[in-house]
Structure formats: C-alpha cells, structure tokens
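Student: Chain by chain, the residues run as shown.
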Amino acid sequence: AQKVTQAQTEISVVEKEDVTLDCVYETRDTTYYLFWYKQPPSGELVFLIRRNSFDEQNEISGRYSWNFQKSTSSFNFTITASQVVDSAVYFCALIRYNNDMRFGAGTRLTVKP
Amino acid sequence: DAMVIQNPRYQVTQFGKPVTLSCSQTLNHNVMYWYQQKSSQAPKLLFHYYDKDFNNEADTPDNFQSRRPNTSFCFLDIRSPGLGDAAMYLCATSRERRPKADNEQFFGPGTRLTVL
Numbered sequence: 001a002q003k004v005t006q007a008q009t010e011i012s013v014v015e016k017e018d019v020t021l022d023c024v025y026e027t028r029d030t031t032y033y034l035f036w037y038k039q040p041p042s043g044e045l046v047f048l049i050r051r052n053s054f055d056e057q058n059e060i061s062g063r064y065s066w067n068f069q070k071s072t073s074s075f076n077f078t079i080t081a082s083q084v085v086d087s088a089v090y091f092c093a094l095i096r097y098n099n100d101m102r103f104g105a106g107t108r109l110t111v112k113p
Numbered sequence: 001d002a003m004v005i006q007n008p009r010y011q012v013t014q015f016g017k018p019v020t021l022s023c024s025q026t027l028n029h030n031v032m033y034w035y036q037q038k039s040s041q042a043p044k045l046l047f048h049y050y051d052k053d054f055n056n057e058a059d060t061p062d063n064f065q066s067r068r069p070n071t072s073f074c075f076l077d078i079r080s081p082g083l084g085d086a087a088m089y090l091c092a093t094s095r096e097r098r099p100k101a102d103n104e105q106f107f108g109p110g111t112r113l114t115v116l
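Top to bottom, those sequences are chains A and B.
Quick note on my numbering: the first sequence kicks off at 1 and runs consecutively.
Quick note on my numbering: the second sequence kicks off at 1 and runs consecutively.
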C-alpha cells in the first residue's frame with residue numbers, strides 16, 4: 001500500500017526561525033516520485049519540488065532545502081529564516097508509476113511576525 | 001498567464017440541485033484530474049482523463065461524473081449534491097500519465113462548493 005504521513009498537523013514559529021516539516025512515506029514500488037506542494041490561503045496548490053526514487057541528492061533552493069533519505073523513507077522540508085509569506089499548508093505527496101498521486105494530510109505552518 | 005483555470009471560484013448550490021464545475025488549461029496537457037479537498041484534509045483524487053480515456057477511482061461516488069469535450073476543457077458534474085459534498089474541488093493537469101522527470105501536476109485555484 002502507498003501511504004504518506006505528515007505527523008505534524010500544525011506548526012507555529014516566529015519569523016526568522018528555521019522550521020522543518022517532516023514527511024514519511026510507504027511504498028513497495030522501486031520507482032516513485034516524491035513532491036512537496038504549498039497551498040496558501042488562496043487555495044491553489046503550488047509545486048515546490050520533485051524527487052525521483054533514484055536521486056537521493058539533497059537540494060537547496062534559496063531558503064528552502066529538502067532532505068531525502070531512502071533508508072528511513074523520509075523526505076523532509078526545511079525553511080530557513082522563515083517569513084510571514086511562508087504561512088500555508090504544505091503537502092508531501094507520492095506518485096507511483098501509474099501517476100496515482102497520494103497526498104499526506106498536510107502541515108499547517110503559521111509564521112508570526 | 002494562468003495555466004489551469006477554474007470557474008467559478010465559489011459556487012453555491014442547493015441540496016439535490018445539479019451543479020457543474022469547469023476547468024480549462026492552456027498547457028495542452030494530455031491528462032486532466034479532479035480532486036476533492038474537504039476542510040483540513042488532503043486532496044483526494046476523484047477521477048482523471050488521459051486524453052479521452054476516463055479513469056474513475058474505485059471509491060468515487062456515482063453522484064460524481066465528468067466530461068472532457070476537448071483537450072482544453074474538463075467538467076465535473078455533481079448530479080445531486082449532498083451536504084457532505086461541500087468541499088474545494090481542484091483541477092490539475094499533467095503532460096503524461098506516467099511520471100517522468102518533468103511530469104508534475106499543475107493545479108488550478110480550485111472551486112469552493114457550498115451546499116445549502
């Protein structure tokens with residue numbers, strides 16, 4: 001079975017703090033893709049990053065970084081020096097070979113000024 | 001520059017009154033998806049079209065139907081909306097059905113449906 005778990009339902013930080021959003025996944029497939037999406041209050045899901053199962057290289061994009069570890073089936077997302085505009089719900093998702101996308105329950109991040 | 005467009009953004013209907021939500025895309029993608037997202041929950045896939053090939057999820061109620069008259073447009077029809085169908089409905093597209101390096105799903109802004 002495919003499953004994505006985001007154990008943190010809500011996180012609240014003060015601006016400029018670093019914050020890590022956890023994502024743990026389960027799949028029996030050897031080929032799969034992992035995604036992070038941001039959903040601001042406006043509702044649209046905004047694509048942040050994609051990783052395939054054969055690429056464990058970590059990635060940094062500005063204040064965002066992602067840590068993919070197959071050994072622990074985790075794909076964690078860190079925001080450095082958080083800003084109020086980072087406030088949103090963040091979804092981790094897993095896509096199998098047939099493009100069946102499974103979302104985690106989401107983590108609501110609130111960044112206070 | 002909107003790529004996946006959903007109209008209307010907010011829709012109010014009455015219990016049992018059929019309603020249609022629309023989605024259009026300028027990306028010329030082969031695949032279009034409809035998701036239901038209830039409050040504080042993850043999006044749940046209802047069905048998708050690969051070109052004209054319709055693929056229904058096993059647990060999608062019969063009350064939900066879809067039409068794709070051409071590549072650009074896809075409609076979600078709710079034949080007899082119940083109170084439990086109140087949700088955000090998200091449309092998404094992808095180039096192909098099989099995941100590849102550049103095959104992420106692009107989402108529209110969603111239509112929030114209220115059932116009175």
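Please note that the accuracy of each hint is not assured.
The calculated lysine-lysine pairs, modelled on BS3-like cross-linking and capped at a C-alpha distance of 25 Å, are [claimed, not checked]:
(1) B:K17 to A:K3
(2) A:K112 to A:K38
(3) A:K3 to B:K44
(4) B:K38 to A:K38
(5) A:K38 to A:K70
(6) A:K112 to A:K16
(7) A:K38 to B:K52
(8) A:K3 to A:K70
(9) A:K38 to A:K3
(10) B:K44 to B:K17
(11) B:K38 to B:K17
(12) A:K38 to A:K16
Not the full set, but computed from the structure, chain A residues with beta-carbon under 8 Å of chain B [to be verified]:
(13) P41
(14) S42
(15) G106
Just so you know, the hints here were simulated from the structure itself, not pulled from any lab data.
Predicted model, so just to flag it, every value in this text is computed and none were measured.
Heads up, the beta-carbon is just placed ideally off N, CA and C, and yes, glycines get one too.
Student: Each hint: holds or not?
Tutor: How the hints compare with the structure:
1. Distance restraint check for K17 of chain B and K3 of chain A: the Cα-Cα separation of roughly 35 Å exceeds the 25 Å cut-off, and the hinted pair is therefore not satisfied.
2. Note on K112 of chain A and K38 of chain A: the hinted pairing holds, with a Cα-Cα distance of about 18 Å set against a maximum of 25 Å.
3. Among the hinted pairs, K3 of chain A with K44 of chain B is consistent with the structure: their alpha-carbon atoms are about 13 Å apart, no more than 25 Å.
4. A hinted pair counts as satisfied when its Cα atoms are at most 25 Å apart, and K38 of chain B with K38 of chain A qualifies at roughly 16 Å.
5. Under the criterion of a C-alpha separation no larger than 25 Å, the hint pairing K38 of chain A with K70 of chain A is consistent with the structure, at around 23 Å.
6. Using a Cα cut-off of 25 Å, the hinted pair K112 of chain A and K16 of chain A holds, with the two alpha carbons roughly 9 Å apart.
7. With a CA separation close to 30 Å, the supplied pair K38 of chain A and K52 of chain B exceeds the 25 Å bound.
8. The hinted pair formed by K3 of chain A and K70 of chain A meets the criterion: a straight-line CA distance of about 15 Å does not exceed 25 Å.
9. For the suggested pair K38 of chain A and K3 of chain A, the alpha carbons sit about 19 Å apart, so the restraint of at most 25 Å is met.
10. Distance check on the hinted pair: K44 of chain B and K17 of chain B sit about 23 Å apart at the alpha-carbon level, within 25 Å; holds.
11. Distance check on the hinted pair: K38 of chain B and K17 of chain B sit about 20 Å apart at the alpha-carbon level, within 25 Å; holds.
12. For the suggested pair K38 of chain A and K16 of chain A, the alpha carbons sit about 19 Å apart, so the restraint of at most 25 Å is met.
13. Checking P41 of chain A against chain B: minimum C-beta separation of about 11 Å lies over 8 Å; hint violated.
14. Here the hint on S42 of chain A is kept, as its CB sits about 6 Å from the closest CB of chain B, short of 8 Å.
15. The closest approach between the C-beta of G106 of chain A and any C-beta of chain B is roughly 6 Å, which is under the 8 Å cut-off, so the hint is satisfied.
Checked against the numbered hints above, the structure breaks hints 1, 7, 13 and satisfies the rest.
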